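Using full-length UniProt numbering, you'd call the opening residue of the sequence shown number 1 and step up by one each time.
Calculated from the structure, these hints are not laboratory results.
Please read these numbers as outputs of a predicted model, since none were measured by experiment.
Some clues are possibly wrong.
As the list claims (entries may be wrong) - Below 20 Å or equal to it, Euclidean Cα-Cα: the simulated EDC-like pairs (lysine to aspartate or glutamate) are:
hint	residue 1	residue 2
1	417	251
2	512	553
3	627	542
4	83	364
As the list claims (entries may be wrong) - Distance windows between CB atoms, simulated:
hint	residue 1	residue 2	range
5	577	511	18 to 24 Å
6	136	370	22 to 28 Å
7	301	136	40 to 46 Å
No residue lacks a Cβ here, since even glycine has one placed at the ideal position from N, Cα and C.
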Amino acid sequence: MFIPSVLISMYYLADTQHLFEFTSRTNDLGFKSFMPLSELYDEGRGYNVNDTCIIEAVITVRRSTVDYLSLCSRKETGYVGLKNQGATHYLNSYLQTLYHIPYLKKAVYLFPTTGNDMPSGSIPLELQSLFYKLQFSGTSVATEELTKSFGLDTYESFKKHDVQEFSRVLTEKLEEKYKLCTLVVTLAQGSNVEGLIKQLFEGHNMKYVECVNVHYISIRKQTFSCLQLDVKGCRGVYASFDKYTEVERLEGGSRYRAGPHGLQDAEKRLMFIDFPPVLQLQLKRFEYDPIQDTMVKINNRYQFPLRLDLDREDGKYLSPLANRSFRNLYTLHSVLVHSGEAHDGHYYAYIRPTLSDQWFKFDDERVTKEEDIKRVMSELYGGKKLHEANLGVNSTPSDYTKNSTACMLVYIRESEKARILCKVNEMDMAEHLRVACDRDLHKQIGKDVHFDLVDLDKVCCFHMQNHTSFALFQEEVARVLGVPVQYQRFWLWEKRSNQSYRPVRPLTPQEKDLPVGYIRKFSDMVKNAELHLFLEVEVGWDLQPMPLPEKTEEEIMLFFIFYDREKEELRYVGRLFVKGTGKPIDILSKLKQLAGIEQGEQIELVEEICFTPNLECVHIDEMLTFKENELQDGDIICFAKVVNVENTGTLLS
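Using the sequences and the hints, build the whole thing.
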């Protein structure tokens, strides 16, 4: 709690709070946001007077009844949280709200993303990935890649946006993606992909201006996806709508320019033509205070109903153009909450995903059931409450303002609940397939990768609907990577017991006859957000793809990396198929050829086992068979020239 050492006329209080948790397994990292030093040193702010800043801290120690770190939210609630990056502000709460609108989730899964979309640069791609992880992950999910795709990668960039701005940018980006794509996918309800987001969130109102002294009327139709409602001076949502639609007199310095009639006294009013199926209401809890020259929070008591009737009093909010046969009755779906003051606070959300009586609290990584929702909602109205303890050396028990208040409400139209709360099954999802091939290994090994084969986050990613045939996926690979379908052979990856990750076996002809969504069932990484494949391609002397050799049961595919002692660098040199009954000594000549070293040189071979946390390798006996060396598909063999052992040691050292 910062207290400026200035006169009462400049008095300003910055109140911040954080619940620290310490357990036998971890320490709390502390506050997630801080005051910029520029504000602390700004003399006009009043914090720093005569090089002195008074800081008052109120500390309460209490035993927690719940160990959240050992609590599995997926098991306890069916949901998981989102990791707090430290300055993600409102983002996590709003993303949870969006995720729990099933019709929107289905629309996101239908995004026609392609292999040309790069991670951290494609909002639709990252939103797909995030939603998939929220659906299947057993632990809280990170949001870094999604925030990067928005260009929100610093604390300051988050401060420049509010929930409404973020909602607007998200809607625009998704709609742009739809319009750029010629693919049209149809939902079970019969709606085209393009316009799905608008169908959910977009409403229309009419700005009506009528001059008092001359016959001049202006009518303009406007679009909205999130309404901003006044809190100050309003008791609740209905009072805000009354204020939103009340007649405003335009006179004096605010007269209306009425075309040829010039400036005229007029009456202006906003009325609604239609409301969207999902109604987002942002409550204006923050305003600029010119006396303090800063933004302040409005914690006035403000009520909101569980059921919102916008047809009340004979549809007084509706314009003459509105279709009054359409019922505008809404049910509260979620509440975004801001706790703290204008410059330093924390966001979380209360959501009831199925509109049942069971609410859940989503507070970053924590997801908990809320049993007494009436009490919670009453607390979120704001207003005054009696202090429960002395807060400071000179303070006494008194009324204080609740600083945890609702800042955004999301309602769902009752007549469209069945459509919006639709079931989202596995076949609605887009399969994320990451395809690694030799060119990735050549590019990464020795540069980005110094152990294992490849960083799969940096290889080409394809996004196909689960019901898409594998043949269509192969055609897309041919288009993007330039490898004809007949020259493609795909391998599944497998995580081994030592945590290494290797291609394990090629897909069978029967598996390739199935939709891409079923291929995941044959992978051991069933719950991964992505399906990983290795694309085997044979190239000729002209570096063009050529027919693949048949792979027999006894053959093993091995990857080879050459270590150049002089340059102290690793280099991927290729793959070879060897018979399990064969011996490493039989391929030494081929390996020297691949590495570009003289045939007279001696080389030694080691197998790269794992990296936990140091690189573990074992020597390969050239005179034993590959099977006796316990080699199998996907193993990595590293080799180097044998030099003066006394001076340089072996490859293992």
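Going through the hints against the structure:
no. : hint                    : verdict
1   : 417 <-> 251             : 45 Å, violated
2   : 512 <-> 553             : 19 Å, holds
3   : 627 <-> 542             : 34 Å, violated
4   : 83 <-> 364              : 6 Å, holds
5   : 577 <-> 511: 18 to 24 Å : 21 Å, holds
6   : 136 <-> 370: 22 to 28 Å : 24 Å, holds
7   : 301 <-> 136: 40 to 46 Å : 41 Å, holds
Checked against the numbered hints given earlier, this structure breaks hints 1, 3; the rest are met.
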